[in-house]
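Colleague: Protein sequence lines, in the order shown, are assigned to chains G and P. Using UniProt numbering, the first residue of the first sequence is number 1, and each one after it goes up by one. Using UniProt numbering, the first residue of the second sequence is number 1, and each one after it goes up by one.
It is worth saying that the hints were derived from the structure and are not from the lab. Each hint can be trusted.
Repeated chains share a single entry, so a pair holds when one copy, or any two copies, can fit it.
EDC-like, lysine to aspartate or glutamate: derived pairs with alpha carbons at most 16 Å apart: (1) Lys13 / Asp49; (2) Lys69 / Glu127; (3) Lys28 / Asp217; (4) Lys87 / Asp33; (5) Lys69 / Asp49; (6) Lys243 / Glu162; (7) Lys13 / Asp59.
There are 2 protein chains.
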Amino acid sequence: MNVLIVYAHPEPKSLNGSLKNFTIEHLKNTGHDVQVSDLYAMNWKSALDASDAKTRRDDSYFDASLDSKYAFENGLQSDDIALEQRKLMWADAVIFQFPLWWFSMPAIMKGWVERVYAYGFAYGVGEHNDQHWGDRYGEGTLVGKRAMLMVTAGGWEPHYSERGINGPINDILFPIQHGILHYPGFDVLPPFVVYHTSKVNTDNFPAICNQLGQRLDDLWHTQPIAFRKQNHGDYNIPQLTLKEDIAPEVTGFAAHIVTKQ
Amino acid sequence: MNVLIVYAHPEPKSLNGSLKNFTIEHLKNTGHDVQVSDLYAMNWKSALDASDAKTRRDDSYFDASLDSKYAFENGLQSDDIALEQRKLMWADAVIFQFPLWWFSMPAIMKGWVERVYAYGFAYGVGEHNDQHWGDRYGEGTLVGKRAMLMVTAGGWEPHYSERGINGPINDILFPIQHGILHYPGFDVLPPFVVYHTSKVNTDNFPAICNQLGQRLDDLWHTQPIAFRKQNHGDYNIPQLTLKEDIAPEVTGFAAHIVTKQ
Chain G
1 MNVLIVYAHP EPKSLNGSLK NFTIEHLKNT GHDVQVSDLY AMNWKSALDA
51 SDAKTRRDDS YFDASLDSKY AFENGLQSDD IALEQRKLMW ADAVIFQFPL
101 WWFSMPAIMK GWVERVYAYG FAYGVGEHND QHWGDRYGEG TLVGKRAMLM
151 VTAGGWEPHY SERGINGPIN DILFPIQHGI LHYPGFDVLP PFVVYHTSKV
201 NTDNFPAICN QLGQRLDDLW HTQPIAFRKQ NHGDYNIPQL TLKEDIAPEV
251 TGFAAHIVTK Q
Chain P
1 MNVLIVYAHP EPKSLNGSLK NFTIEHLKNT GHDVQVSDLY AMNWKSALDA
51 SDAKTRRDDS YFDASLDSKY AFENGLQSDD IALEQRKLMW ADAVIFQFPL
101 WWFSMPAIMK GWVERVYAYG FAYGVGEHND QHWGDRYGEG TLVGKRAMLM
151 VTAGGWEPHY SERGINGPIN DILFPIQHGI LHYPGFDVLP PFVVYHTSKV
201 NTDNFPAICN QLGQRLDDLW HTQPIAFRKQ NHGDYNIPQL TLKEDIAPEV
251 TGFAAHIVTK Q
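Could you put together the complete structure from these sequences and hints?
Modeller: Put into structure tokens, the structure is as follows:
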């Protein structure tokens, strides 16, 4: 299978660098093809702006959505964006690897999302009518592909527990896992998280790699997070609120995950 | 009072640009001093990396925290970072204004946070012991200052409601409001959010400005979000889980907000 690793860390000799190298080697040793988008090494441009198109729709006014749509439809996207889109189409699975900085992905990776996720590619896909509100949240260009976050956090695991001060890790990651990955169609696997990174050393690093290796071996079999699909009857359209008879007592992020009966 | 606006939008003639101009004018007309960090106009560097220090601690290994600490303590931060820190110290209130892109702030503003929030300035402040886990989450360098998010969203308001498909807006913003603003000590005001931006036009724009003007007039009186303080007895230290007798039935983000009896 084809695996794309989108990776953001400024220091190759870091824990993240070591985990990335382990991942590449492990995937290759188990017969997969691997590509890596090493955003810092690529000097990836973070800021979405008018220069992301080779020729603009309208020089007098930059509209992030309409300019993106025009560039995508007319083959006028900057080369770095088009290349990353081709990598996504090539991939069967995508691993997004980053240190959790201020409770989200590093700016350079957020800029990858903003620029690569063009209108017509990752959003603004499909028809809008009173049965179907665009191809998103379970439908879209990236359907059939798997995605997994691989995250390191300085904080301790209990700090990210159900009553931990930072908030539960799955809620912190919901805007990414649901809003960035489920949105254009990915099946989203549970994240692989390494906590308390200052305590990782040569003694416990092999155990982390063992766990990670297992997750990589299971990449094609792990059950994805059961995010609800938008257009399959659970939501009122166009309000996009969960219907009254679906999980009637649940609010918040949890309402968008199907729980087993 | 002194108000800093940290602003991220690539098009000056956009809705965000108009709201920013209204905000500046309204604040000045009501007697306040205003500074604006217009990140796109400043060509703000988004990616945190080794070049953020004028002289490095150790050329052979870049550690985001330790390099930041060394540069902050020794006056070796790059000039753009030090200038933004001075603006923060000058401000009585800070407004972070941005379009919600992929359920968070634009990359360029995330990069402002990552680079300006130095170790010793916004984190790594205060002592760690079994009563006090650093000056954070209600204590820290920015205590006594107010912060407010001013956000535009393309989606409709019900999409961001308690059972809306995107998740409730306050949960989406929790990693920012709690993790980025409450963390170094800000009092965080409820956000000002404009939904369904494609429907904003010259007819309804004045009403939005009226609402915004009211929020600006109330900037010093609005009740902040009642985020719990870390070191005031609600949390077990060092696990930083909410104590068993505090809101015993609540989990998730909501547990970290004091509810009225």
